[in-house]
Amino acid sequence: MIRAALLFLLLALPATAEEVVAGLSQNRISITTSFDGSEILVFGAVKREAPIPQDGPLHVIVTVSGPSEPVTVRRKERRFGIWVNTDAVEVDAAPTFYAVATSGPWTEVIRDVEDLRHKVSIPRAIRSVGLGVTGGEDFVEALIRIRTREDRYQLRMGDVQVSEATLFRTSVALPANLTEGDYVARFFLTRDGRVLDLHETVIDVRKVGLERFLFTLAHDQPLVYGLMSLAIAIAAGWGASAAFRFIRF
Amino acid sequence: MQIYLPIAEVSVNAFLLLGLGGLVGVLSGMFGVGGGFLMTPLLFFIGIPPAVAVATEANQIVASSFSGVLAHLRRKTVDLKMGTVLLVGGLIGAALGVQIFNYLRGLGQVDLLVRLSYVVFLGIIGSLMFVESLRAIRKARAGTPPQRRKHGLVHALPFKTRFRTSGLYISVIPPLLIGVAVGILAAIMGVGGGFIMVPAMIYLLGMPTKVVVGTSLFQIIFVTGFTTLLHATTNFTVDVVLAVLLLIGGVVGAQIGTRIGTRMKAEQLRILLAIMVLAVCGRLALDLLLEPSELYSLGGGGHG
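Protein sequence lines, in the order shown, are assigned to chains A and B. All residue numbers for the first sequence refer to my numbering, where the first residue is 16 and numbers rise by one. All residue numbers for the second sequence refer to my numbering, where the first residue is 1219 and numbers rise by one.
No wet-lab data here; the hints were simulated from the structure. Treat the hints with caution; some may be incorrect.
Covered stretches of chain B, going by a simulated chain A footprint (3 or more residues, C-beta under 8 angstroms) [unchecked claim]:
1) 1219–1226
2) 1273–1284
3) 1288–1299
4) 1440–1450
5) 1469–1480
6) 1500–1514
If you anchor each label on the Cβ, the simulated ranges turn out as follows [claimed, not checked]:
7) A:Val99 to B:Gln1317: 20 to 30 angstroms
8) A:Arg139 to B:Leu1346: 55 to 65 angstroms
9) A:Asp107 to B:Leu1346: 42 to 52 angstroms
10) A:Gln176 to B:Ile1493: 52 to 62 angstroms
11) B:Ser1345 to A:Val217: 52 to 62 angstroms
12) B:Tyr1321 to A:Val99: 16 to 26 angstroms
13) A:Ser178 to B:Arg1501: 53 to 63 angstroms
14) A:Arg93 to B:Leu1346: 21 to 31 angstroms
15) B:Phe1262 to A:Asp166: 18 to 28 angstroms
Taking lysine to aspartate or glutamate pairs in the DMTMM-like style, the calculated list, with each CA pair at most 25 angstroms apart, reads [said to hold, decoys possible]:
16) A:Lys134 to A:Asp212
17) A:Lys91 to B:Glu1512
18) A:Lys134 to A:Glu105
19) A:Lys134 to A:Asp197
20) A:Lys91 to A:Glu165
21) B:Lys1428 to B:Glu1350
22) A:Lys91 to B:Glu1509
23) A:Lys91 to A:Asp107
24) A:Lys91 to B:Asp1505
The C-beta atom is built at its ideal place from N, Cα and C for all residues, glycine as well.
Using the sequences and the hints given, assemble the complete structure.
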């Protein structure tokens, strides 16, 4: 029994012989009033105890995903001469931000089975079970198309630079319209399309200072916040009126 | 200069917002409209989420209307008594409107309803005003003296009161009903309702144009203030940073607009408002009629 286990361990060992070690230029992004997007530098190395294996090229995939939220996708159709929303599909969970960077063409870096297991590609990262409507894929495609246009979804093949089959680096641009939350960065090490190792780390995206204060106030003390907004409005209206009277007379 | 909005969660150019606020503020001061029917679509266009745009716009209208009303108060062109009657109706109407809105949301298609009511109301009001003011201008050119106001249904109803500022002696029922109707529409369409209120006061109540603007602004302050609080407490969608940027531009614009407005002839003012209303109406109608470039749209989860 022990011998069998040892044998199994020995057989399993080569799969983890290469490990990924990675770091980010920043683990924390503060959304301040002047926040205008951010760029994260991702770098890492492949750790191995044996010489570099020769079976198939080594590839690295880096993904960064924001918090997931349900999304309703609606489709317009012409009815009685005007365009109205007809069909709607509820997508259970779609990341608010998702970037994938690879070191090569998609078909070479990862197999479909591995993609399915780890949910690496953009369509797989969106959870949409039981869409109900026929042609539900069209809705998911539309979701990806719209978010790609907004830079929320990014697929950048060949953007990870691997040198000497050991060191790798890339950068991920986060857009200005960022949602608060824990962003998960994943690093996949693949060879022959099989995932050898996976490393995960969290980027903390938080509002700070005035942004934080207003957001908390709006959700915890909505009445106070509403009255404050009104007070500011009235004060500004009066202030402008008074200032103009002063200038004119 | 880019600025990140805490509630809307988008980054936008601060000067763009100041400019938009200023432009809409000028129109607001000139015509006594809150400007919501112009600003809300503009905010959608620059990428503010619709729920935030509608709620924040209400807050901004409070500021520009308040600024405008002070200027009008100094000129004694606000009929406070009439304004109060309209306001009472308006608040009742707004409460009713919210109920109708929720009921229609249950049926779906509230989006379409809002757009259609914009097109229909803006179209009717715009064309009526346009034709009427064109006729008035032609008459003024011809040199015929302005017609005396006719005694219609407005004068035949009970509960007659004297509205001194407006120079009217009419029943309180018509203004109250107008208030209710405008309140309902305001709640459904997410605007102050000035663009409906102003023509209603001119053509249905026969109030002088100069008084109409100030009175409409006076009433709008309270209705939009009420709406702001409602949005802030139920949907958490009032973005105070966005509101501040819009209203800095807005209050200055409103002051300038009020001064332009008092120097212009009433007919000119009305024809300009009519053209503007028709332009917005046409734009919205085109959206409904032409095939959109993107047939799909995204919405938050949870509501169909």
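Right, here's what the structure says about each hint:
1. 1219–1226: Check passed, 6 qualifying residues.
2. 1273–1284: holds (count 7)
3. 1288–1299: holds (count 3)
4. 1440–1450: holds (count 5)
5. 1469–1480: Since three or more residues must qualify, the claim that chain A covers the stretch 1469–1480 of chain B holds, with 4 doing so at under 8 angstroms.
6. 1500–1514: holds (count 9)
7. A:Val99 to B:Gln1317: 20 to 30 angstroms: Given a distance of about 24 angstroms, which is inside 20 to 30 angstroms, the answer is holds.
8. A:Arg139 to B:Leu1346: 55 to 65 angstroms: 57 angstroms, holds
9. A:Asp107 to B:Leu1346: 42 to 52 angstroms: 49 angstroms, holds
10. A:Gln176 to B:Ile1493: 52 to 62 angstroms: 58 angstroms, holds
11. B:Ser1345 to A:Val217: 52 to 62 angstroms: Distance hint for B:Ser1345, A:Val217 holds at roughly 59 angstroms.
12. B:Tyr1321 to A:Val99: 16 to 26 angstroms: About 19 angstroms separates the Cβ atoms of B:Tyr1321 and A:Val99, which means 16 to 26 angstroms holds.
13. A:Ser178 to B:Arg1501: 53 to 63 angstroms: 55 angstroms, holds
14. A:Arg93 to B:Leu1346: 21 to 31 angstroms: Given about 30 angstroms between the Cβ atoms, the range holds.
15. B:Phe1262 to A:Asp166: 18 to 28 angstroms: Because 19 angstroms falls inside the window, the suggested range holds.
16. A:Lys134 to A:Asp212: With a Cα-Cα distance of about 15 angstroms, the restraint between A:Lys134 and A:Asp212 holds, given a limit of 25 angstroms.
17. A:Lys91 to B:Glu1512: 9 angstroms, holds
18. A:Lys134 to A:Glu105: It holds: about 20 angstroms lies between the C-alpha atoms, which stays within 25 angstroms.
19. A:Lys134 to A:Asp197: 18 angstroms, holds
20. A:Lys91 to A:Glu165: Holds: A:Lys91 and A:Glu165 sit about 20 angstroms apart, inside 25 angstroms.
21. B:Lys1428 to B:Glu1350: Within the cut-off at roughly 17 angstroms; holds.
22. A:Lys91 to B:Glu1509: 9 angstroms, holds
23. A:Lys91 to A:Asp107: Holds - the C-alpha atoms of A:Asp107 and A:Lys91 are around 21 angstroms apart, at most 25 angstroms.
24. A:Lys91 to B:Asp1505: 12 angstroms, holds
No hint from the list above goes unmet by this structure.
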